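Asks: So the sequences go chain by chain: A and B.
Just so you know, we're using this note's numbering here: the first sequence kicks off at 1 and counts up by one.
Just so you know, we're using this note's numbering here: the second sequence kicks off at 1001 and counts up by one.
I should point out that these hints are in silico values taken from the structure, not numbers from a laboratory.
Remember, it's a predicted structure, so these values are computed and weren't measured experimentally.
Check each hint, because a few of them may be wrong.
Here are the simulated distance ranges between beta carbons [stated by the list, open to error]:
no.: 1; chain 1: A; residue 1: Gln316; chain 2: B; residue 2: Leu1192; range: 38 to 44 Å
no.: 2; chain 1: A; residue 1: Lys184; chain 2: B; residue 2: Asn1130; range: 26 to 32 Å
no.: 3; chain 1: B; residue 1: Gln1068; chain 2: A; residue 2: Lys184; range: 43 to 49 Å
no.: 4; chain 1: A; residue 1: Ile192; chain 2: B; residue 2: Arg1030; range: 49 to 55 Å
no.: 5; chain 1: A; residue 1: Thr7; chain 2: B; residue 2: Asp1029; range: 22 to 28 Å
no.: 6; chain 1: B; residue 1: Leu1192; chain 2: A; residue 2: Thr388; range: 31 to 37 Å
no.: 7; chain 1: A; residue 1: Ile279; chain 2: B; residue 2: Met1067; range: 53 to 59 Å
no.: 8; chain 1: A; residue 1: Ser128; chain 2: B; residue 2: Asp1247; range: 55 to 61 Å
no.: 9; chain 1: A; residue 1: Thr388; chain 2: B; residue 2: Asp1029; range: 45 to 51 Å
no.: 10; chain 1: A; residue 1: Leu497; chain 2: B; residue 2: Arg1030; range: 37 to 43 Å
no.: 11; chain 1: B; residue 1: Lys1151; chain 2: A; residue 2: Thr388; range: 27 to 33 Å
no.: 12; chain 1: A; residue 1: Trp312; chain 2: B; residue 2: Glu1121; range: 20 to 26 Å
Note that CB positions come from ideal geometry on N, CA and C, so glycine has one too.
The lines below spell out each chain.
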Amino acid sequence: MTTAPDTLAWFARHELRLAWREWMAMMTGGRPARRVGVIIFLAVLVIGMHLLSFALLSPWVASGAAIDKAMLVMLTGTGLLFWTVMLSQVLESVTRVYYSRSDLDLILSSPASSRRLFAVRTAAVALSSTALSALLASPLINVLVLLDGPHWLAAYGVAAALGALATAIALGMTIALFRLVGPKQTRFISQIVAAIVGAGFVIGVQAVAILHFGSISRFSLFQSNEVIEAAPDVDSLLWWPARAAMGEPLPALVVIALGLAALVLTVVATSSSYGFHAISTAGLNHIRSRRKSTRRPFRLGSQRQALRRKEWLLLQRDPWLLSQTLMQILYLAPPALLLWLNYGSHAGAYVVVVPVLVMAAGQLAGGLAWLAISGEDAHDLVMTAPVTPRAVLQAKIEAVLVVIAIVLAPLLMLMALSSPTLALITAGCAALSAGSATAIQLWFRVTAKRSMFRRRQTASRAATLSEAFASIMWAGTGALLVAGQWFAIAPALAAALVLALARLLSPRRP
Amino acid sequence: MPSLGGQLQSEPPLAAPALAITGLSKTFDRPVVPDFALTVAAGEFYALLGPNGAGKTTILRMVAGLMQPDAGEIFIFGIDARRDPVAAKRITAWVSDEPMVYDRLTPLEYLEFVAGLWQIESALAERRANELIDWLGLRPHANDLCGSFSKGMLQKVALAGALVHDPRLIILDEPLTGLDAGSARQVKDVLLDKVRQGVTVIMTTHILEVAERMAQRIGVIREGRLIAEGTLAELRARSGATSSLEDIFLDLVGKDTQAA
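Please put together the full structure from these sequences, using the hints given.
Replies: If you want it as structure tokens, here you go:
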């Protein structure tokens, strides 16, 4: 079926086709034969998640699935946590709608309506964030539908409403930033806002949990009697999103209608200025960004030093790096707070921070390694230089690991003052986690110009998943080691297995 | 053009040709370079011509160490480039039609990085970098990030990078593509000046007029084989054509093909 050109449906079809092909290419690594493997992997994952959800929810449903104030607090608080992360992601995606060039120059120079393109791309942002959150929540929702009734299907509608609301707010914020600070600063500030929004609420809840309950778990706040007692009564409007998710007709109708209406109204109000703002961002590449003219004299050192210095300069000046790493660094704030509060006390009090630090080291290293190892604007220059490819890779890896070391060093030193053993274990596991993530990025490297890197997620899905699993396993190893458990060998072996699997899946190199 | 002379770490024999290739071959889905041989004398300006897909870029990328040949030998000033690529790279520079420049480095930072890769002594590197910046008219933009530069300016920065380590052999693959007349003239002047100083230049170009006016010897490639070689006069004599290089070229490769 064909659609008339320059209509919403036509643009939507075009975008859908591109998105589908990009997704398939990412999932299969460009090899169609991998499709079967991907389908089997996803099927196993889905079944596993549903079984886990069943085990988790069946006792609660069997006990009568009571909807009391405690449940509403828990559901609303958890929902708010996920929604702030969703808002953060959407804010970044909306910024990219304005800043990414790819085919924008072609479309904006054509007589096609930029308003329609904008409407479609904004809807795509809302849909993708909704799809992701619905996908993550689907095992829980599906099991509840199975055990408690179809009214839980309304939770999918609430996810869509939350996605739409987040997109509407992100659009409003982006336009406000364009007007307040102009196109040059909007991308930078919105990345900071996205990171703070994404991490802020989570960190805030964790900080309260740490200060008040001495626990790093953010859920301890939602389970506390003080919060539940202080919360409004069950008939308050505050609980309507939670009630909507549970399938109560009126709240569901109102929440879904409000979310979708907010998005439609914001798109209508902001679409006319899309062409103008998108064109204003295109001009940024031609604005000369001047550095200090009085610079230091040349200090060359070894080839590896030159390569490392270049990597640090480029990482420092990467326009998207902030959004990729700021959130990971912000997540280190709660463990830092816990360390600070427990400074000088018994080491066991902050054993919980070890996995957080190990996990953060892995994630941060993965992000930086992706940029440093795969992003090479002057590949031919480096390859024609009198330096071995091995030395080039070594220098890039060193550049990444030094950054991780600088970020983690203060926390490790603070930890070492109380327990050198704990600090040593954390440092070791963090090094393994960062090293694993870097190695995975090395195996899956696809050399390209940095300007071609739209986002972190364009890395191979297999690489991203392996990196996450390896970090989790090293975090588990660290947690069990500090608890004195010999069982720590199990996650360590699992991490090694993940690495072996990643090596096996990685593209072969001559 | 200022003198950019400097100390080489290990001076290769001067009597050796700048480039000596024998039996070079490369196969992708089909043989692209079947059995290629070429010798370029030291201090020569050599233009390599051929229709699209003739294998020019593949050959030059193998010489520059950017691609692994299936077979054959490559000697750069007597250095076996396949056995000791690092030594060969030390005296070679590569410039492609796509400038190899970092968007988020300034020209001075870029030259500092390149000098670091080629291990030039700091003071000498800085002096050369500043001379090249002035000479190529980049001084007003020496502290701007390269991401905002035009194609011509980027190519000048790339060329400065190729010259900062004072190479003895410069290999250029379509260096004039997309340049305006002024920038193209400047690049051509730089290359001629380097040849006058004794540097060897090997260049592919689809602008036959450039090859005609600049090159001392011209090689014509078709399907990965050198089908004609010599000075313009020798090529004229061989093909019997009396007019331009374009006529000779089309006569050699066939009128249905185009230079690239």
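Asks: A separate judgement is required for each hint: does it hold in the structure or not?
Replies: So, going through the hints one by one against the coordinates:
no., hint, result
1, A:Gln316 - B:Leu1192: 38 to 44 Å, "39 Å, holds"
2, A:Lys184 - B:Asn1130: 26 to 32 Å, "30 Å, holds"
3, B:Gln1068 - A:Lys184: 43 to 49 Å, "44 Å, holds"
4, A:Ile192 - B:Arg1030: 49 to 55 Å, "53 Å, holds"
5, A:Thr7 - B:Asp1029: 22 to 28 Å, "42 Å, violated"
6, B:Leu1192 - A:Thr388: 31 to 37 Å, "34 Å, holds"
7, A:Ile279 - B:Met1067: 53 to 59 Å, "40 Å, violated"
8, A:Ser128 - B:Asp1247: 55 to 61 Å, "59 Å, holds"
9, A:Thr388 - B:Asp1029: 45 to 51 Å, "29 Å, violated"
10, A:Leu497 - B:Arg1030: 37 to 43 Å, "42 Å, holds"
11, B:Lys1151 - A:Thr388: 27 to 33 Å, "31 Å, holds"
12, A:Trp312 - B:Glu1121: 20 to 26 Å, "23 Å, holds"
Violated hints, listed in ascending order, are 5, 7, 9; each of the other numbered hints is respected by the structure.
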